[in-house]
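Trainee: Chains as they are written, first to last, in my numbering: chain A, 9 to 358; chain W, 9 to 358; chain E, 9 to 358; chain U, 9 to 358.
These aren't lab readings, by the way, just hints derived from the structure by calculation. Watch out, some of these pointers could steer you wrong.
It does not matter which identical chain is used: a pair holds within one copy or between any two.
Claimed, not checked - Here are the simulated EDC-like pairs of lysine to aspartate or glutamate, each with C-alpha atoms no more than 20 Å apart in a straight line:
no., residue 1, residue 2
1, K60, E232
2, K164, D198
3, K310, E137
4, K164, E202
5, K310, E341
6, K119, E33
7, K164, E307
8, K356, D306
Every value quoted in this text rests on a predicted model; they were computed, and no experiment measured them.
Number of protein chains: 4
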Amino acid sequence: MQQKIHFECDYTEGAHPKILKRFMETNMEQTVGYGEDPYCQKAAELIRGLCKKGEAAVHFLVGGTQANLTVISALLRPHQAAVCVETGHINVHETGAIEAVGHKVISVSGKNGKLTAEDVERVYRLHWEDATHEHMPQPKLVYISNPTEIGTIYTKAELEALRAVCDRCGLYLFLDGARLGYGLAAEDNDLDLESIAANCDVFYIGGTKMGALFGEAVVICNPELQEDFRYLIKQKGGMLAKGRLLGIQFLELLQDGLYFDLGEHAVKLAQKLREGLLNAGYKMQDSTTNQQFVIVSDEELKKIEEKYCVSYIERIGEDQNVIRICTSWATTEENVEQFLRDAEQIKKAL
Amino acid sequence: MQQKIHFECDYTEGAHPKILKRFMETNMEQTVGYGEDPYCQKAAELIRGLCKKGEAAVHFLVGGTQANLTVISALLRPHQAAVCVETGHINVHETGAIEAVGHKVISVSGKNGKLTAEDVERVYRLHWEDATHEHMPQPKLVYISNPTEIGTIYTKAELEALRAVCDRCGLYLFLDGARLGYGLAAEDNDLDLESIAANCDVFYIGGTKMGALFGEAVVICNPELQEDFRYLIKQKGGMLAKGRLLGIQFLELLQDGLYFDLGEHAVKLAQKLREGLLNAGYKMQDSTTNQQFVIVSDEELKKIEEKYCVSYIERIGEDQNVIRICTSWATTEENVEQFLRDAEQIKKAL
Amino acid sequence: MQQKIHFECDYTEGAHPKILKRFMETNMEQTVGYGEDPYCQKAAELIRGLCKKGEAAVHFLVGGTQANLTVISALLRPHQAAVCVETGHINVHETGAIEAVGHKVISVSGKNGKLTAEDVERVYRLHWEDATHEHMPQPKLVYISNPTEIGTIYTKAELEALRAVCDRCGLYLFLDGARLGYGLAAEDNDLDLESIAANCDVFYIGGTKMGALFGEAVVICNPELQEDFRYLIKQKGGMLAKGRLLGIQFLELLQDGLYFDLGEHAVKLAQKLREGLLNAGYKMQDSTTNQQFVIVSDEELKKIEEKYCVSYIERIGEDQNVIRICTSWATTEENVEQFLRDAEQIKKAL
Amino acid sequence: MQQKIHFECDYTEGAHPKILKRFMETNMEQTVGYGEDPYCQKAAELIRGLCKKGEAAVHFLVGGTQANLTVISALLRPHQAAVCVETGHINVHETGAIEAVGHKVISVSGKNGKLTAEDVERVYRLHWEDATHEHMPQPKLVYISNPTEIGTIYTKAELEALRAVCDRCGLYLFLDGARLGYGLAAEDNDLDLESIAANCDVFYIGGTKMGALFGEAVVICNPELQEDFRYLIKQKGGMLAKGRLLGIQFLELLQDGLYFDLGEHAVKLAQKLREGLLNAGYKMQDSTTNQQFVIVSDEELKKIEEKYCVSYIERIGEDQNVIRICTSWATTEENVEQFLRDAEQIKKAL
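Kindly generate the complete structure, drawing on both the sequences and the hints.
Mentor: See below:
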């Protein structure tokens with residue numbers, strides 16, 4: 009049986025070869041464990057520099073759900089809640105990890121997968137203007153993903169507006185950057201690590217989907233939220249014994265800009281896919297990043313799935329479906345072109 | 009300053025005099041604690057009889073939030089979730105009590121404050137048909153309130169439909185009966201304790217809002233869900249040392265039908281209020297129970313609040329508001345008539 | 009069958025008659041719910057005055073386990089732990105309520121049921137001097153009971169020493185006063201509400217075991233720990249709808265010193281029991297409060313249990329047992345004398 | 009500055025070269041994520057075969073704390089507790105991870121770091137014979153580590169005795185095998201994967217300390233405990249996106265016996281260390297595995313630490329200390345010999 013080509017997500021391959029090479033070179037070195045080794049220290053220092061945030065605390069975790077639940081557990085008191093859009097990862101795809109550490113996720117519909125400052129203000133007012141607010145979870149943390157779960161990105165103005173409303177309302181702003189590099193590479197992006205660090209209390213730079221074997225670099229910009237974070241990492245099962253593996257990976261990704269190059273590679277191919285599919289007559293949701301959402305009929309889907317793995321998102325209308333295709337740091341131009349040729353043929357044939 | 013008349017809820021007075029009298033009579037008796045006394049045993053037996061459910065386990069808890077969180081914590085594994093309507097008490101008015109014991113509350117819009125069998129089926133399918141269902145909380149328990157938080161009631165047919173879908177899908181059905189007596193007294197009601205017990209895995213008979221000082225009688229109909237429930241009560245802080253206070257109250261309420269009489273009293277007065285207000289020209293949401301939801305202008309609200317306490321629910325449209333007024337076992341005909349006279353005058357004056 | 013006389017605990021009767029009388033008098037008054045009524049406000053003010061602690065926040069909860077879990081949940085971050093003696097109520101008799109809200113209870117053996125300042129210092133050092141302290145729960149709160157679970161009491165000097173070590177180590181001091189009135193009435197007691205409030209961050213005045221139907225008055229002396237406490241009460245299921253029942257009870261108990269009189273009554277009878285039993289030849293553990301721990305042989309125990317309910321504590325040696333007998337606000341001199349006569353006879357007969 | 013030689017733990021290096029080599033070879037393959045790839049499937053099948061347990065479910069997690077909290081959370085209801093020895097990893101070195109998922113850890117002193125069947129029986133009886141057992145956490149799971157945290161191992165007879173008591177008492181037996189390979193290589197060991205699987209409900213084969221970069225293979229032998237385990241992994245943040253990394257590592261370790269060879273290598277060097285140190289006049293705790301506990305004076309410790317990293321365990325007596333030195337799959341004979349030469353000299357010099 010022929011192997012299908014995977015476009016369903018951005019973590020189907022291993023790691024960028026530079027990372028494995030570095031693992032080989034450092035393999036027999038002895039270091040202390042649990043993220044207190046020189047590699048993690050250097051990587052943290054590097055990230056503080058890139059963020060121009062000397063007082064930031066940087067911690068390396070293995071995965072995104074772990075990062076989300078550890079950060080939120082560290083920041084909130086038991087009666088406090090996180091606010092996010094309905095499609096937010098913590099709201100739909102983490103098996104209730106946030107609730108399992110005790111906190112309600114208050115979801116709002118948002119716009120294009122994004123939370124607006126008005127959404128936040130509304131949730132805040134709804135809570136505090138109610139005479140019985142003590143009977144409701146208290147909104148305290150704003151969770152956003154950039155890029156979002158549907159491939160859109162926040163502008164600098166939008167992020168600043170969220171910061172402003174958080175300041176007015178005494179809320180924390182937490183940005184899930186599991187796919188951050190793909191957002192930064194979008195042609196309509198005007199954010200960078202510095203502006204993100206300037207506006208968020210906490211955010212993370214995703215490695216798993218960006219060429220690392222695994223790893224998310226959590227940056228706690230707000231010094232008031234840094235205390236005892238390592239206890240939380242350990243308690244939640246996120247403290248990697250051979251922590252240096254995380255430091256080494258982020259050093260490789262960030263010290264010479266590899267992270268940003270990989271982001272650009274994926275986004276360039278995603279846009280090639282996008283244009284090709286639009287030209288072929290497919291309808292698509294807006295996205296300038298590496299996730300592309302295509303509307304296909306049942307018939308088209310069946311044909312596509314003969315050769316490709318894609319993510320099924322949802323059914324719309326009578327016989328139409330939304331599917332997601334992703335490029336990544338590892339996607340080849342060749343596979344993209346083949347997909348486009350096949351998609352074009354499928355469209356024509358029907 | 010003149011005392012305002014309270015219509016904002018159904019727990020502004022103490023207890024039905026019979027209960028206090030019985031407390032006096034039994035006060036110096038010595039009994040064992042924690043709900044293992046003869047009064048609790050008799051009350052439990054009485055309830056099993058009324059429900060025609062000999063194998064049911066009956067436990068007495070102090071309040072509704074406590075009952076909800078204890079039951080749900082006892083029934084679900086960590087990855088499982090409760091399904092309820094958006095207006096459901098556990099979803100909006102318990103400060104995240106369910107999330108605090110680790111479970112997500114999956115809310116759906118419902119219809120007239122009620123969950124339909126179709127809603128449940130849809131949530132179930134959405135979960136299990138998703139290839140990555142392990143990344144989402146697993147719906148396992150259906151939570152409904154009867155009467156609902158907006159005063160509507162379930163019909164027997166609706167309850168049976170919910171039971172049927174729960175059976176098909178392997179879900180538990182849990183009915184919050186904090187105001188059960190007011191639902192059973194509604195003129196369009198066709199449920200009784202027996203049919204409720206026949207269809208629910210767990211439900212409770214609310215005392216706090218029905219003439220008791222406090223207390224909810226939790227009935228676990230499904231024998232498979234009864235094991236070790238007393239541990240949960242103790243752990244969650246709900247095990248009353250002088251547990252007999254609960255047994256005594258439910259005996260007084262249920263042994264001669266007082267509970268049902270009190271329900272009828274309140275509902276009769278609520279319908280009198282309803283008709284009077286409609287006649288006076290007010291618009292009202294549908295409700296055949298003791299909670300009535302009236303639409304009033306800002307001006308009208310201001311006038312009403314000069315003499316009465318009411319619950320503010322929400323703003324609708326430009327200058328209209330929904331308020332809630334409740335009758336209870338303790339409401340006097342006199343207060344109802346006075347309210348109606350004032351409301352009529354306010355309407356006329358504008 | 010003849011009713012046995014209960015000495016097994018201090019909550020076998022109802023409430024002091026003054027309380028029931030006041031319930032009757034106020035029964036049909038209408039008040040707002042959830043502890044925001046005038047009775048609770050007056051009772052809180054009264055307690056602040058008795059404690060000479062104008063800035064204290066006072067909250068009324070229904071029971072002791074509820075008070076313990078709510079306070080500890082409100083004060084600690086997820087990685088922090090409570091320190092207490094092995095016999096501490098939270099360590100052994102609350103079905104893991106503290107663990108269920110996420111916190112480890114670090115137990116030390118203590119001395120006479122009491123935690124010493126040295127114990128606390130040792131636990132603190134053991135934690136912070138360990139290079140891998142992040143791998144262990146962080147001690148942050150010291151939990152003591154006064155009187156202790158074995159009837160002993162803290163002296164003012166001991167309490168001040170605990171305060172001092174807590175100050176040095178940045179720990180909170182929390183005193184469980186479920187039986188506080190019986191401690192204050194001990195002849196060797198030199199504490200009062202004022203000195204307790206001056207030394208503790210949080211403590212509570214127990215009502216359930218001291219003549220109330222139920223109720224514990226939580227006093228949060230440290231203003232930094234007061235924020236949002238009502239959310240926690242609601243979330244943990246401890247917010248009584250008819251909250252005034254708690255305010256009324258504490259007013260009755262505290263406004264004319266009834267609370268202290270009841271304590272003295274019980275302790276006087278306990279000491280009478282103690283002396284009588286010692287004279288009759290029984291061995292007893294030291295206790296100057298209302299709980300008395302008697303050592304009895306199997307044979308003696310069997311005889312005693314024919315007419316009395318007592319608490320079985322533990323087996324010691326070959327055929328000896330420790331039992332607990334309690335007096336309370338409701339114990340009669342007559343019952344005490346009868347018990348002594350019987351105990352004397354039993355001893356003689358063997 | 010000269011690099012110190014690390015003996016403080018068994019995870020100071022990376023992975024066995026075969027693993028990295030295999031990562032390189034498979035790096036650009038595309039597979040599905042989250043542990044559902046062919047490598048994980050093959051590794052699971054291999055483990056089922058080695059355990060002669062065809063019905064076992066095998067899941068791959070990243071680390072030990074994660075494995076412990078996920079398993080225990082999956083197996084216990086909220087009021088149930090784990091029983092372990094005082095030195096047990098879940099009791100002292102996981103920052104309260106088990107309590108953070110809601111469960112008390114009941115610790116007993118044990119013998120040589122091991123839990124005996126008598127210990128378990130005693131805890132069980134203590135609970136169930138108490139009239140108020142509902143006021144205490146219910147013991148339900150027995151947690152043991154093999155080798156233990158102090159280097160000792162269970163015999164087959166001991167494990168079978170634990171199984172028998174668990175069967176009698178309705179308890180689950182869970183074995184933490186973080187260092188399993190070092191236990192199996194001990195000269196006095198009579199266990200193997202088959203006998204472990206035959207006696208435990210759940211256990212895991214540790215990879216992190218045995219030559220993997222990371223990874224623990226959880227084997228759920230008892231089919232009744234297998235349901236929905238993947239939900240728990242996801243919720244607790246333990247589901248690795250590129251799950252195949254775990255499958256690949258366990259395939260390399262287990263398919264040709266490498267795992268057992270590495271265990272033997274470490275244990276052989278540990279015994280060499282042990283004999284050398286004993287000959288040099290050091291006192292040592294009993295251990296036949298890769299962790300060796302040496303008693304050293306303050307002076308000796310200072311000298312040793314000039315060139316070596318060791319784990320400080322505790323102070324004993326006036327000026328004596330217990331330190332831990334570990335060998336591992338990666339330890340060189342050369343380093344062991346150098347350490348022995350230095351230790352001998354230090355002893356002589358004093």
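Trainee: Of the numbered hints stated previously, which ones are contradicted by the structure, given in increasing order?
Mentor: 5, 6, 7
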